[in-house]
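First residue of the sequence shown? That's 832 in my numbering, and the numbers climb one at a time after it.
Be a bit skeptical, because a hint or two may be false.
If you anchor each label on the Cβ, the simulated ranges turn out as follows [as the list claims (entries may be wrong)]:
#1 E926 with S983: 49 to 55 Å
#2 S996 with P918: 40 to 46 Å
#3 L947 with A1003: 32 to 38 Å
#4 Q904 with H1030: 36 to 42 Å
Note that these hints are calculated values from the structure, not bench results. Glycine included, each C-beta is placed from N, C-alpha and C at the ideal position.
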Amino acid sequence: MDPADQSQLSILLEHSQNLDLLTTGVQQLADHFALPPSPPPAAPAPAPPVQTQINLLPPPLPEKFDGDSSSCQGFLTQCQMAFHIRPDCFPNDGERIAFMVSCLSGRALEWAGHLLSRNAPETANFPLFQTALQSAFGQLHSHHLIVARLTSLTQGSRSFQDYSSEFHFLAAQLAWDHNALIHYFRLGLSDELKDHVVHLPLDFPSLDSFISRVFELELRLQQRRSDNRTPPTPSQLHSFHRLTSEPP
């Protein structure tokens, strides 16, 4: 090999070795000063669960029930409304019974106290307790007594609105045909209304339609009574006296 070529080859080999050393040194420096790898991005925190707003108002209190049978059903309805509005306050039968007992007074409270004193089964079972309360104080709401009350109901001296309202209340608790209800409603009307109702047709489609028609008659009668009770005006009296004082 030519000495010149051999000399160039030696120079190239030396440069290659130096380049390798330089590359290795640079890599070592890079590894030394390199930052630690960044951690993977954290998963987003789950959104807090939407909490249902808890009604902080206390359950509505029914009126105290003292054992009056005419208000028994209303008392039970008010209790059921409280249970419906705040079910979280009454999670079990014991809570419901305790709530009802706290709303009793008089002989109704004495009755409940007697059950509690002997640890009766009704004091641990709400449906049983409610049924026992109805049996003890809700006699007017039993079926046969409602029938007796409706069939003997009369308007008497009270207004037509009062009579029809009570009749409606009783009729709503019976599964009677509307024709039967119309029949008994007719029977209970005042004598004055009966004289006018007798001319009405018999084929009304419902009790409400019949009551509405009778109410129209009642309004006409009221207007007639009002017209008859209106005293004559001074001019009417003057005309009357003039007519009666003139010679024929």
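### Query
Are S996 and P918 spaced within 40 to 46 Å by their CB atoms?
violated, 33 Å
### Message
Given the hint of 36 to 42 Å, is the C-beta distance from Q904 to H1030 inside that range or not?
### Response
Since Q904 and H1030 have Cβ atoms about 38 Å apart, the given range 36 to 42 Å holds.
### Query
How does the Cβ-Cβ distance of E926 and S983 compare with 49 to 55 Å: does it lie in that range?
Since the Cβ atoms of E926 and S983 sit about 42 Å apart, the hinted range of 49 to 55 Å is violated.
### Query
Quick one: are L947 and A1003 within 32 to 38 Å, going by C-beta?
The hint (32 to 38 Å, Cβ to Cβ) holds, given that L947 and A1003 are roughly 34 Å apart.
Hints 1, 2 from the list above are not met by this structure, while the remaining hints are.
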